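Listed below, chain by chain, are the residues.
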Amino acid sequence: MTIQQVLFIVIALAVLGAAIFVVTTRNLFRAALMMIAAFFGIAGLFVLLDAGLFAVAQVLIYIGAISILVIFAVMLTRGMQGMVPRNSQATAAAVTVAVVFAVLLLLFGPLRLTLDLARWPVISLFAANVSPRDVGGIEWTPPGQAIPAVPDTYIADFGRSLVDLNQYLLPFLLIAFLVDVVLAGAIFIARQRRPAEIVEDRQRQAEEETEEAEAMRRAGVLPGAASLPEGAVASASDH
Amino acid sequence: MRTDFAFVGVMLVTAALLMGVTLIAASLLRPKKPSKAKLETYECGMETVGDTWVQFRVQYYILALVFVLFDIEAILLFPIAVAFNSLSFFAVANVILFIVVLLIALLYAWRKGALDWE
Amino acid sequence: MQNVLNGIPLWWYLVVSSALFCIGLYGTLARKNAIALLMGVELMLNAANINLIAFWRYLAPASSGGLAFAAFVLVIAAAEAAVGLALIISIYRTTRSIDPEKLDRMKL
Amino acid sequence: MNVINDLLKIIGDFIAGIINSIFSFSPFLADVVTMGLAAVILCTFAALSFMGLTYVERKVVARIQDRVGPNQAGPLGLLQPLADGIKMFTKEDTTPAAADRWVYNLAPLVIAVFALTTYAVLPFAPGVVGTNLNVGVFYIIAIGSGSIVAIIMAGWGSNNKYALLGAFRTVAQLVGYEVPMLLNVLPVVMIAGSMGLTDIITQQTTLNGNPGIPFIVFFPLSALVFLISGIAETARSPFDLLEAESEIVAGFHVEYSGMKFALFFLGEYVNALAVAFVFSTLFLGGYAGPVLPPYIWLLLKAAAVFFVFMWLRGTLPRIRVDQMHNMNWKFLVPVSIVHLVVVMALMKLFVTNPAQVQANGGILVTPGVQAAILFTASIAILIGSLVIAARRARIMRLQEEAVLEQRRAENIAAVSV
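Chains as they are written, first to last, in this note's numbering: chain G, 29 to 267; chain H, 110 to 227; chain X, 4 to 111; chain Y, 110 to 526.
Think of the hints as simulated: they come from the structure by calculation, not from any bench.
None of the values given here were measured: they were computed from a predicted structure.
Careful, some of the hints might be misleading.
[What the hints assert, rightly or not] DSBU-like cross-link-like pairs, simulated, lysine-lysine; straight-line CA separation at most 35 Å:
| hint | chain 1 | residue 1 | chain 2 | residue 2 |
| --- | --- | --- | --- | --- |
| 1 | Y | K168 | H | K141 |
| 2 | H | K145 | Y | K200 |
| 3 | Y | K439 | H | K141 |
| 4 | Y | K196 | H | K142 |
| 5 | Y | K200 | Y | K168 |
| 6 | X | K35 | H | K141 |
| 7 | H | K145 | Y | K196 |
| 8 | Y | K439 | H | K221 |
[To be verified] Partial list, computed: chain Y residues near chain G (C-beta under 8 Å):
| hint | residue |
| --- | --- |
| 9 | V142 |
| 10 | A251 |
| 11 | I252 |
| 12 | I257 |
| 13 | V258 |
| 14 | I261 |
| 15 | N268 |
| 16 | F416 |
| 17 | W420 |
[What the hints assert, rightly or not] Chain H stretches covered by chain X per the calculated footprint, using a threshold of three residues with CB under 8 Å from any CB of chain X:
| hint | stretch |
| --- | --- |
| 18 | 136 to 145 |
| 19 | 195 to 202 |
Idealized CB from N, CA, C, for every residue including glycine.
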């Protein structure tokens with residue numbers, strides 16, 4: 029057994045254990061902490077995969093940013109009061125998950141034994157006249173051959189591919205716009221509106237609804253006087 | 110690369126062991142006389158009223174949100190910065206466009222008052 | 004014939020990521036709390052990332068496709084968490100509950 | 110090989126040689142023992158410098174405030190850190206009955222471990238570095254998020270209103286100031302073409318065959334913003350809002366005492382010293398310097414940076430929480446972004462590498478000229494942003510005063526009626 033195998037098994041068991049804790053515990057804060065532990069273990073897996081950049085990015089993004097967001101949300105919603113670990117469909121969910129896992133094991137698991145690229149569904153579509161080596165213009169490592177080392181310049185290569193018109197420039201730029209939209213949307217959703225704004229909103233909403241009802245009545249759809257839908261009343265509980 | 114990170118792992122384990130040993134040694138040396146009053150939650154000599162769940166401001170969440178978005182921007186920009194010297198004008202122009210779009214996001218958040226701490 | 008690196012065959016990573024994905028899926032389907040549900044989604048995205056990086060390392064370490072996709076998954080995960088949690092906070096503020104089973108109205 | 114210059118490396122090689130000969134039956138074991146020993150040495154260095162720094166800082170701040178500082182324990186109070194240590198070690202430490210035991214007890218451990226792990230990548234002299242990661246700078250910033258998690262754990266585990274509130278405030282501050290930090294490391298990474306700290310130092314000693322220039326000359330604005338956000342990241346004065354005694358009684362570690370409190374303290378100082386080291390490495394040329402041995406140069410530079418920290422602590426008043434957030438989000442971040450864009454454009458326009466000029470165009474200049482251009486641009490951005498900020502601040506102040514004036518007039522009118 030190589031040291032890498034030992035490390036892999038230890039880390040993998042830790043990650044899976046932490047993940048199981050995350051989905052079964054009653055205490056939401058501890059679930060968040062265990063999620064952080066799982067993320068840290070996954071960073072360890074990335075190190076074993078020679079992707080040091082992503083191990084560090086994992087720590088920076090998942091542990092330093094997303095987990096903080098989750099914990100803040102837990103605090104803001106008092107999410108743990110009277111928390112029940114499972115909902116009514118838990119049994120059905122467990123069955124579904126077991127089936128999915130079985131399928132995945134059949135696809136990837138030890139029984140399959142080989143990972144012969146030519147037999148993979150997507151690649152075999154091309155396989156008739158194209159050798160798997162050419163698929164996507166990428167140098168695939170054929171099974172059974174020694175796996176080449178990651179080039180020393182992989183970070184720079186990755187950076188260059190992000191701004192290369194023939195590679196990932198479009199998704200890279202789209203991400204900037206996505207981030208814009210996310211920021212605008214999330215701020216709009218989460219913002220605590222000032223009381224004046226809420227009153228204004230409600231007035232506008234009521235006006236719109238009366239107009240709508242008016243129009244419908246004129247069109248003969250709704251005979252009687254316009255009655256406000258319950259949503260307008262329910263939104264009054266927003267403080 | 111993997112051997113590079115091996116030392117980080119060793120460092121984590123060593124630091125945890127050293128600090129753990131310090132804590133355990135201290136717990137063996139120090140006196141331990143707990144009393145009910147000593148173990149109460151500290152609140153300037155008063156008794157604590159209610160539970161710890163005071164209402165937090167949503168502002169904390171919004172600041173963390175802006176931070177997250179700049180964080181994910183950074184992980185894309187760092188590899189590009191490493192490759193910067195060999196990039197073409199076109200590529201750099203696109204990177205600048207990326208950054209400017211994010212600056213617009215920041216200015217939007219600013220205008221919407223998301224960055225105000227009252 | 005197998006792809007083996009330092010004694011670790013590729014399918015070890017795939018099995019771990021499948022298991023992680025299924026745990027996340029269970030969390031997403033079976034939790035009675037919207038935040039816990041989002042945690043499950045994060046675990047699933049992480050499982051996908053393990054897969055991407057493992058395939059990159061074992062099958063095409065010279066290209067940066069796997070890395071680029073993993074980076075995009077990272078970004079999308081952050082965006083998803085940001086908007087999802089903002090929605091949860093907003094819903095909590097109006098209904099005082101974050102049980103997804105009780106959220107059956109399109110309007111607050 | 111100059112014995113004095115390479116002293117650390119020679120000692121290190123000597124010890125590694127002994128270990129290798131003892132464990133000659135298993136190279137793997139020899140590696141593990143060597144790395145373990147190196148890790149222990151680094152941790153000990155960090156812990157000892159923590160003890161020393163507490164003393165030095167108290168003395169320096171006392172001098173600034175016209176006091177004497179610690180002077181009872183030993184000559185000149187030199188044994189003060191030892192006395193503090195013994196006190197911390199033997200002090201009873203309580204776990205509140207309401208606390209979440211596991212989280213509460215783990216938090217100080219986490220913060221100390223992550224602080225110490227930063228030292229794994231710091232280069233102390235040529236060849237004397239725990240590990241030369243090719244993602245060094247990124248690693249240092251990322252590992253800082255460990256302390257954020259620890260702070261939340263402490264705040265929540267204590268189950269105390271003040272602790273939780275303090276933890277929230279601190280986390281909001283730490284995550285906020287991570288943004289300018291990231292944005293201002295980027296120019297350095299761009300010009301060095303690497304994230305490895307050793308490479309960054311090499312680029313400052315020789316840039317394309319020319320004698321190197323410390324990066325602070327290229328990016329004075331980045332250096333300044335990095336320093337400010339570094340102070341904020343380690344929550345030192347004037348950014349020590351979490352220790353606002355009158356408001357939230359020492360913040361997230363209010364419930365901690367004894368050795369656990371000491372570990373929080375250690376984490377704080379070790380992080381601050383790490384920021385000083387990283388600043389010297391990124392902007393001041395690290396261990397590079399003439400005449401003196403490299404490790405002395407690094408220590409001198411780091412000591413100078415840390416002295417600035419102590420100086421600021423001794424002289425500046427604590428800022429308010431809204432000022433802290435405004436300074437970050439409305440000043441440092443926009444200015445850093447503008448600076449980044451300008452630096453990118455200028456660095457692509459004025460290139461020092463002839464091969465790159467051939468490939469991508471641009472104007473070939475010497476590093477000195479490039480440095481001069483970037484320096485001028487940085488200073489121009491700094492002055493411009495300060496002028497804009499000052500003007501905005503004056504307008505806002507005038508508006509506020511007008512509102513106050515109006516309110517006062519209304520009050521007078523109301524009273525007279």
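Honestly, which of those hints from before does the structure not fit? Numbers 3, 6, 9, 15, 16, 17, 18, 19 - these are the hints that the structure violates, sorted from lowest upward.
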